[in-house]
Amino acid sequence: MIDCEQKPPAGKLVTPARDDLRIAWLAALAIAVHMVEAVVPSPLPGVKPGLANVITVAVLCLYGWRSAVWVAALRVLVGSLLIGTFLTPTFLLSVSGASASLLVLGLATRLPGQGLSPIGLCLLAALAHMFAQFFVAYLFFIPHPGLFALLPLLMTLASVFGIISGLLTTKLLAYQGALS
Amino acid sequence: MSQLIYRAFWSCTLIGVLLLSACSRPEESRLHAAQLLAMGTLVEVSIWGTSDEHAAAVTAQIEQRLRRVEDDFHPTRPGGLKTVNVALAAGRAVAVNDEMADLILRAQHFEEASQGLFNPAIGKLIALWGFQDEEPAKGPPPSANEIQSISDQHPAMSRLQLKNGLLTSHSRAVQLDFGAFAKGYAIDQAVAILRRQGIHDAIVNAGGDLRVIGRHGDRSWRVGIRQPDGHGIIASLALGGDESIVTSGSYERYFDYQGRRYHHIIDPRTGYPAQGLVSVTVLAADAQTADAAATALFVAGKDDWPLIARRMAVDQVMLIDEQGKVYLTREMARRIRFEIKPEPVPVIIKP
Amino acid sequence: MKAAFGLTIADKLLVGLVIFLLLSLYGRYWSSATPGERFRVSSIVNGIQTMDFGADRIIAIEGPLGTTRLQIAGNRVRFISSPCHGKQCIHAGWLADAGDFAACLPNRISLTVLGLTKEYDSINF
Chain A
1 MIDCEQKPPA
11 GKLVTPARDD
21 LRIAWLAALA
31 IAVHMVEAVV
41 PSPLPGVKPG
51 LANVITVAVL
61 CLYGWRSAVW
71 VAALRVLVGS
81 LLIGTFLTPT
91 FLLSVSGASA
101 SLLVLGLATR
111 LPGQGLSPIG
121 LCLLAALAHM
131 FAQFFVAYLF
141 FIPHPGLFAL
151 LPLLMTLASV
161 FGIISGLLTT
171 KLLAYQGALS
Chain V
1 MSQLIYRAFW
11 SCTLIGVLLL
21 SACSRPEESR
31 LHAAQLLAMG
41 TLVEVSIWGT
51 SDEHAAAVTA
61 QIEQRLRRVE
71 DDFHPTRPGG
81 LKTVNVALAA
91 GRAVAVNDEM
101 ADLILRAQHF
111 EEASQGLFNP
121 AIGKLIALWG
131 FQDEEPAKGP
141 PPSANEIQSI
151 SDQHPAMSRL
161 QLKNGLLTSH
171 SRAVQLDFGA
181 FAKGYAIDQA
191 VAILRRQGIH
201 DAIVNAGGDL
211 RVIGRHGDRS
221 WRVGIRQPDG
231 HGIIASLALG
241 GDESIVTSGS
251 YERYFDYQGR
261 RYHHIIDPRT
271 GYPAQGLVSV
281 TVLAADAQTA
291 DAAATALFVA
301 GKDDWPLIAR
311 RMAVDQVMLI
321 DEQGKVYLTR
331 EMARRIRFEI
341 KPEPVPVIIK
351 P
Chain B
1 MKAAFGLTIA
11 DKLLVGLVIF
21 LLLSLYGRYW
31 SSATPGERFR
41 VSSIVNGIQT
51 MDFGADRIIA
61 IEGPLGTTRL
71 QIAGNRVRFI
81 SSPCHGKQCI
91 HAGWLADAGD
101 FAACLPNRIS
111 LTVLGLTKEY
121 DSINF
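Protein chains in written order, with my numbering: chain A, 1 to 180; chain V, 1 to 351; chain B, 1 to 125.
One or more hints might be untrue.
[To be verified] Footprint (simulated), chain B over chain A, 3 or more residues, beta carbon under 8 Å:
#, segment
1, 55–69
2, 118–127
[To be verified] Here are the simulated EDC-like cross-link-like pairs (lysine to aspartate or glutamate), alpha carbons at most 16 Å apart as the crow flies:
#, chain 1, residue 1, chain 2, residue 2
3, V, K82, V, E99
4, B, K87, V, E134
5, V, K302, V, D286
6, V, K302, V, D267
7, B, K87, V, E135
8, A, K48, A, E37
Rather than coming from a laboratory, the hints here were simulated on the basis of the structure. Keep in mind that this is a model prediction, so the values were computed, not measured. Idealized CB from N, CA, C, for every residue including glycine.
Working from the sequences, and respecting the hints, build out all of it.
See the structure below:
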């Protein structure tokens, strides 16, 4: 059973070195997904499926929130260095999106009861990601009220991609569970 | 796993269906908007729902009713109110119909509640300033003597007596001018017609004063309050159920003479245009109350309006003074949304 | 195992919330017609017309007294000639902001500027 609100006891059993290594591997995977998405053209400029969220949420479920923060931070930082968007507007958008989704994921894991499944977590993360990016874009880059006409569409896309990411995450976790 | 996919698929479909139904609803086709000229202004009747034919029929009925209110209560045109004014000036008693009697009683009530600041008995002063004519007033302002000679006679609604449909006045100086609330009365009459015709969702807007009933489909009616300078919207409100909003502003009718501006809201205590405020917006259940209160609070001015608001039982008020400062009651602050940047910093006052 | 993969109560609540959020977003930002800067002219002769600003031009509107002309230039609109007596419509000057309004009552023509994303059902003034 995948239980997302409790961190598995992994941290106590493994050595810090193995912990670091694992985060690095997972971050590398996330960066790879991030870069593939950056290269693949998107029908709507600036809108990406956000499949890197799959890794973030999977890490959250398996190793806890701290590890997820690490993986996401490394992804945004290293990813932007590799693509060449470090400290550009795109980087600011990535940082705000990632921070917002990590924040709501952190809050969501504290929910009582069963909490959210990976699908719920991915949906929430995708919406937070989009919402934060939208407002950063509105506040810093395009402070035009006409932008709000796009908001409903963007949030709908975020929901759809969030659910798709959730399904992928569930599959990934099931595969991982079968391995261990 | 298959169950998961099934459920996730189902929820996606649900979202899709709901979104589609939200997007594709026939938005504007259910709104019937008609404009008509009555009460010396443009009246817009917006009806949500019902058929084209029904909306047109009801609008025609409203137009007819408003024309009659205009004829009956115009202070100078031959007909109802002029006949009354001629008799009052001659010191004669005059028979009035039920509607006129009703309106006089209401005006007396508002005058008492407003401590005389709402005073439709000062028709002589308003005529003296030239604000009764169809043409825009041009000035020059009347002389101090002329003003003094009228206000010394203290024309007031309280000097009228109504007995068995017979109106008598204790002062020949009383001349009725219902300009400060005839529009509100007309709006209320129009809404009464809508209600009788089974219409539950509508707006009646007569020259900027309006009353809303019901809703615009699945949302409240959205009303913008225009900036006193006429450019753009200063604030907006969601109105619904049965609410009226009326603004009295010095910008509505005025003339400039030798560098000074003289507007149409005459302070019955001085005989001169009321000082200090630019506009007063009042939200109340019916349009007559909102209309009368907006005028009374405008005359009361920056310091005394909370007392008059309390006495007239209105608690949703926005005022803008000559410096552009915005004052709100707490009840108004709770629901109003400013639409200008930078947002004004309102002074919140509990009446 | 199967049950563990299903949607939890929190998931269902979230989906409900998201649907509500999306619906209110569409209601808030898409409930008026397509975004664009437009204005509405109504006359008892020509009826109600909604037009885009767009190219600079002068249009003629018929009323009971005759022809009233409107000038459109640089996303603004104004009355430039009118057969009425007071010419108050012309004194109103340029209208550019959403909710701006001017009318020629004698010729029974009114002019309202409509907003980009937000429209009001009625304007109080």
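Checked hints:
Against chain B, the segment 55–69 of chain A contributes 0 residues with a C-beta closer than 8 Å to a partner C-beta. That does not satisfy the three-residue criterion, and the hint is violated. With a threshold of 8 Å between beta carbons, the proposed coverage of the segment 118–127 of chain A by chain B holds, since 5 of its residues qualify and at least three are required. In summary, the hint linking K82 (chain V) to E99 (chain V) is supported, as the alpha carbons are separated by about 15 Å, within the 16 Å threshold. Taking the CA atoms of K87 (chain B) and E134 (chain V), the gap is near 14 Å; set against the 16 Å cutoff, the hint holds.
The suggested pairing of K302 (chain V) with D286 (chain V) is violated, with an alpha-carbon distance near 24 Å, which exceeds 16 Å. At most 16 Å may separate the alpha-carbon atoms for a hinted pair to count; K302 (chain V) and D267 (chain V) meet this at roughly 14 Å. Between K87 (chain B) and E135 (chain V) the alpha-carbon distance is near 11 Å, which keeps this suggested pair within the 16 Å criterion. The straight-line distance between the Cα atoms of K48 (chain A) and E37 (chain A) is roughly 7 Å, inside the 16 Å bound, and the hint therefore holds.
The structure fails to meet hints 1, 5 from the earlier list, while all remaining hints are met.
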